[in-house]
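Undergrad: Each chain, written out:
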Amino acid sequence: MLKIIVCIKQVPHTDKASIDPKKGTLIRDSVERMINPDDLNAIEMALTLRERFGGEITCITMGPPHAEDILREAFAYGVDRGVLISDPCFAGSDSLITSMVLSRAIVKLGTFNIIITGVEAIDGNTGSVGYQISEFFKLPLITKIHKIDILDGSAVIERLYGHEYQQIRVDLPVLLSVNKETNRVRIPALAAINAYFDNPIVTLTMADIGGSEKEFGIKGSPTIVINYESFLQKRGQERISGSTQEKVETFVKKLKKHNILRY
Amino acid sequence: MPHRIRQDIRQYKGVWVFIEIQDHVCVLDGALEILSKGRELADRLGEKLLAVMLGLDAEQYLPVVSRYGPDEIIYFSHPSLKHYNSEIFPEILADLIEREKPSIFLFPSTEAGSDCAPRLAMRFFTGLTAHCIDLEIADSEEYGNGILSMKRPAFSGNMLATIICPYTRPQMATVQPGVFSKREISGSSPVVMRREYAYDPDKMRIVSLNPPLRWNKPHVQLEEAEIIFAGGRGLSSRVKFDRLFELAEIMKGEVGATRVPVFNSWCGKERMIGQTGKTIKPKLYVGFGVSGQIQHTASIVDSDVIVSVNIDQNAPLNEISDYVIVEDASVFLGKLIERIKRDIVC
Ligand SMILES: Cc1cc2nc3c(=O)[nH]c(=O)nc-3n(C[C@H](O)[C@H](O)[C@H](O)COP(=O)(O)OP(=O)(O)OC[C@H]3O[C@@H](n4cnc5c(N)ncnc54)[C@H](O)[C@@H]3O)c2cc1C
Ligand SMILES: Nc1ncnc2c1ncn2[C@@H]1O[C@H](COP(=O)(O)O)[C@@H](O)[C@H]1O
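Protein sequences, first through last, are from chains W and S. Sequential numbering of the first sequence, starting at 1, is according to this note's numbering. Sequential numbering of the second sequence, starting at 1, is according to this note's numbering.
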């Protein structure tokens with residue numbers, strides 16, 4: 001039986017988020033939230049492995065209390081257990097500290113065979129967390145997986161690596177990092193909706209994973225954001241007007257003027 | 001388990017650049033670009049610039065790397081270094097960092113760089129800023145002098161974030177190829193040091209079962225294209241997006257995209273322009289139904305002429321455009337193709 005841990009993150013739904021027209025920043029309160037897209041593929045990978053080889057799936061997420069919503073959503077997909085890693089002192093953690101917290105929480109949860117992460121989170125997009133958990137546990141991380149089988153405590157995987165298509169074997173435990181190129185996410189079963197409400201969620205705080213406040217969050221993170229500035233390099237914005245056909249004509253003239261079209 | 005060492009950061013000196021070898025045949029241009037930027041940073045600091053290179057028959061690349069002005073080159077040459085390897089490379093580099101203590105270590109944000117840099121950051125418990133679009137040395141009353149200031153698009157709004165890593169070393173960043181320009185330095189003759197490869201193969205946990213098959217990545221030269229037609233969500237379907245290829249063909253241009261067409265599989269990721277895609281500097285960029293979020297626009301601002309075709313007269317892309325065409329993107333695209341074809345026939 002495989003013990004599978006899936007790292008999932010709650011992210012703002014950027015398409016629906018509204019931007020403050022004056023400040024040009026996201027209006028936080030209006031933001032709808034969702035599971036990071038790649039992390040749905042991570043859940044899918046876990047479900048497929050459980051179907052084929054048996055096992056138990058635990059989703060873990062580090063975030064504020066409302067990150068619980070994505071654990072409930074994960075239950076609807078058929079995930080067995082949910083762990084919310086939440087503590088006020090984790091707020092503002094950069095990817096190194098996030099990786100540390102997730103890794104220590106995984107240690108706390110006991111033994112595992114497979115950890116699955118998304119390739120990148122759409123809001124942080126450092127794409128670093130998977131690699132850093134891999135370093136913490138000194139376990140290989142496999143990406144760009146085309147095919148995976150579990151045989152006698154090893155994973156046999158076909159993957160793309162640089163410009164090679166490889167068949168490899170790795171002894172468990174191992175980390176997998178997946179995105180939408182890896183698989184297609186199923187639609188949650190209606191019957192599972194009850195699980196959405198019924199399954200218990202375990203919460204871990206700093207006290208559970210150990211350490212002191214100054215190691216986490218903004219204080220503990222090696223990177224510091226010192227400035228935000230607006231990025232606008234305004235140009236002439238000459239409006240090309242008229243009927244569609246007239247616009248095409250004017251545009252072609254402009255292209256000739258700039259020596260881009262030459263006949 | 002990584003533990004937090006109170007490093008004496010004053011011991012850490014010098015700017016390092018990871019020189020990636022592409023497909024074991026040439027030096028990645030993106031690495032040379034970063035080397036040129038590294039030259040500026042090192043001069044500003046009054047410290048050395050060092051190029052680190054791992055490869056098969058790595059000697060062959062020394063002349064090229066030398067031309068871009070490093071003070072020193074450290075290289076390893078061994079058959080096991082033919083391709084990037086996520087077990088071997090970080091191990092060798094970690095050992096080097098341990099001994100030589102660089103203050104700054106820069107990587108291209110390629111597949112290899114994006115694998116190696118976060119691993120090293122974790123080993124040394126230091127910060128990493130991914131996908132930077134600018135680097136400079138800054139002095140700060142609060143954080144000290146001569147620190148690396150890294151700029152990258154912020155998550156939301158059209159904002160750039162400036163990030164520093166003041167208390168731990170090395171200060172690490174990855175940079176997308178195309179962001180900086182490469183510049184040869186005449187008369188440069190770096191000190192070249194060969195180091196012996198001594199990785200114990202028994203440590204490898206990933207075992208290859210069959211000889212690998214070569215797989216050619218789809219390759220699109222967006223970085224070199226002079227004309228780019230980029231499509232966004234406003235093109236609304238694959239069929240409409242496909243017409244960009246028609247226009248690109250008759251105008252000898254290339255097709256680019258925002259993340260939306262890539263996510264919707266209207267085209268491959270190799271066409272994505274932006275923070276996590278490519279940085280372009282064409283003579284002409286035309287955005288069809290592109291809103292102009294910073295993750296996209298930060299990588300197009302060096303285009304000579306920018307044109308926005310959008311039904312929304314207030315789309316952010318319009319502000320940074322030379323010409324604005326308020327129109328349905330696919331209707332305009334269709335009519336433009338017709339018009340230019342007619343010109344060619346005449
Ligand atoms: C960490 C991170 C990294 C990212 N990296 C990248 C990256 O590398 N590259 C990238 O491109 N994006 C990236 N993004 C996404 C980016 O923020 C934007 O979401 C994306 O660029 C928007 O694409 P779009 O303009 O096609 O779509 P939208 O923002 O949805 O805009 C569509 C536009 O089409 C117009 N439109 C609609 N209908 C029509 C019509 N019929 N005719 C004409 N116009 C029409 C609309 O007015 C609108 O302006 C990243 C995001 C994050 C958070
Ligand atoms: N706060 C978090 N909680 C759980 N998983 C996370 C968190 N942040 C990142 N991850 C995982 O790491 C992957 C890569 O994230 P990132 O490195 O931030 O781009 C995500 O797809 C998640 O699987």
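No lab work stands behind these hints, which were simulated from the structure alone. Small disclaimer: the values here were computed from a predicted structure and weren't measured. Cβ atoms here follow ideal geometry from the backbone N, Cα and C, with glycine treated the same way. One thing to keep in mind: the hints can contain errors.
[Unchecked claim] List of simulated lysine-lysine pairs, DSSO-like, C-alpha gap at most 30 Å:
{"hint": "1", "chain 1": "S", "residue 1": "151", "chain 2": "S", "residue 2": "283"}
{"hint": "2", "chain 1": "W", "residue 1": "219", "chain 2": "S", "residue 2": "281"}
{"hint": "3", "chain 1": "W", "residue 1": "253", "chain 2": "S", "residue 2": "283"}
{"hint": "4", "chain 1": "W", "residue 1": "214", "chain 2": "W", "residue 2": "253"}
{"hint": "5", "chain 1": "S", "residue 1": "82", "chain 2": "S", "residue 2": "182"}
{"hint": "6", "chain 1": "W", "residue 1": "144", "chain 2": "S", "residue 2": "48"}
{"hint": "7", "chain 1": "S", "residue 1": "217", "chain 2": "S", "residue 2": "82"}
{"hint": "8", "chain 1": "S", "residue 1": "151", "chain 2": "S", "residue 2": "252"}
{"hint": "9", "chain 1": "W", "residue 1": "144", "chain 2": "S", "residue 2": "203"}
{"hint": "10", "chain 1": "W", "residue 1": "254", "chain 2": "S", "residue 2": "13"}
{"hint": "11", "chain 1": "S", "residue 1": "269", "chain 2": "S", "residue 2": "217"}
{"hint": "12", "chain 1": "S", "residue 1": "252", "chain 2": "S", "residue 2": "82"}
{"hint": "13", "chain 1": "S", "residue 1": "283", "chain 2": "W", "residue 2": "180"}
{"hint": "14", "chain 1": "W", "residue 1": "214", "chain 2": "S", "residue 2": "13"}
{"hint": "15", "chain 1": "S", "residue 1": "269", "chain 2": "S", "residue 2": "283"}
{"hint": "16", "chain 1": "W", "residue 1": "253", "chain 2": "S", "residue 2": "182"}
[To be verified] Between beta-carbon pairs, the in silico distance windows are:
{"hint": "17", "chain 1": "S", "residue 1": "185", "chain 2": "W", "residue 2": "241", "range": "29 to 37 Å"}
{"hint": "18", "chain 1": "W", "residue 1": "244", "chain 2": "S", "residue 2": "242", "range": "52 to 60 Å"}
{"hint": "19", "chain 1": "W", "residue 1": "238", "chain 2": "S", "residue 2": "338", "range": "47 to 55 Å"}
{"hint": "20", "chain 1": "W", "residue 1": "156", "chain 2": "S", "residue 2": "201", "range": "40 to 48 Å"}
{"hint": "21", "chain 1": "W", "residue 1": "234", "chain 2": "S", "residue 2": "185", "range": "49 to 57 Å"}
{"hint": "22", "chain 1": "S", "residue 1": "224", "chain 2": "W", "residue 2": "238", "range": "51 to 59 Å"}
{"hint": "23", "chain 1": "S", "residue 1": "189", "chain 2": "W", "residue 2": "33", "range": "53 to 61 Å"}
{"hint": "24", "chain 1": "S", "residue 1": "208", "chain 2": "W", "residue 2": "1", "range": "42 to 50 Å"}
{"hint": "25", "chain 1": "S", "residue 1": "95", "chain 2": "W", "residue 2": "172", "range": "39 to 47 Å"}
{"hint": "26", "chain 1": "W", "residue 1": "227", "chain 2": "S", "residue 2": "265", "range": "43 to 51 Å"}
{"hint": "27", "chain 1": "S", "residue 1": "11", "chain 2": "W", "residue 2": "227", "range": "47 to 55 Å"}
[To be verified] If we take Cβ atoms under 7 Å as the criterion, some of the chain W residues that face chain S in the derived model are:
{"hint": "28", "residue": "164"}
{"hint": "29", "residue": "185"}
{"hint": "30", "residue": "256"}
Undergrad: Would you mind marking each hint as holding or not holding in the structure?
TA: Verification of the supplied hints:
1. S:151 to S:283: holds, 25 Å
2. W:219 to S:281: violated, 39 Å
3. W:253 to S:283: Given pair residue 253 (chain W), residue 283 (chain S) holds - Cα atoms ~16 Å apart, limit 30 Å.
4. W:214 to W:253: violated, 62 Å
5. S:82 to S:182: Judged against 30 Å, a Cα distance of about 25 Å means the pair holds.
6. W:144 to S:48: At roughly 37 Å apart (the allowed maximum being 30 Å), residue 48 (chain S) and residue 144 (chain W) break the hint.
7. S:217 to S:82: holds, 18 Å
8. S:151 to S:252: violated, 34 Å
9. W:144 to S:203: Holds, at about 23 Å.
10. W:254 to S:13: Between residue 254 (chain W) and residue 13 (chain S) the Cα gap is close to 52 Å, so the pair fails against 30 Å, i.e. violated.
11. S:269 to S:217: holds, 11 Å
12. S:252 to S:82: violated, 36 Å
13. S:283 to W:180: Violated. Residue 283 (chain S) to residue 180 (chain W) sits at ~34 Å, over the 30 Å cutoff.
14. W:214 to S:13: holds, 27 Å
15. S:269 to S:283: holds, 22 Å
16. W:253 to S:182: violated, 34 Å
17. S:185 to W:241: 29 to 37 Å: Distance hint for residue 185 (chain S), residue 241 (chain W) is violated at roughly 49 Å.
18. W:244 to S:242: 52 to 60 Å: violated, 20 Å
19. W:238 to S:338: 47 to 55 Å: violated, 23 Å
20. W:156 to S:201: 40 to 48 Å: violated, 20 Å
21. W:234 to S:185: 49 to 57 Å: Check failed, 35 Å falls outside 49 to 57 Å.
22. S:224 to W:238: 51 to 59 Å: The hinted range 51 to 59 Å is violated for residue 224 (chain S) and residue 238 (chain W), with Cβ atoms some 28 Å apart.
23. S:189 to W:33: 53 to 61 Å: holds, 56 Å
24. S:208 to W:1: 42 to 50 Å: violated, 28 Å
25. S:95 to W:172: 39 to 47 Å: Taking Cβ atoms as reference, residue 95 (chain S) and residue 172 (chain W) lie about 28 Å apart, which means the hint is violated.
26. W:227 to S:265: 43 to 51 Å: violated, 37 Å
27. S:11 to W:227: 47 to 55 Å: violated, 28 Å
28. 164: Constraint on residue 164 (chain W) satisfied, holds at 4 Å.
29. 185: violated, 13 Å
30. 256: violated, 10 Å
Violation of the numbered hints given earlier is confined to hints 2, 4, 6, 8, 10, 12, 13, 16, 17, 18, 19, 20, 21, 22, 24, 25, 26, 27, 29 and 30; the remaining hints are satisfied by the structure.
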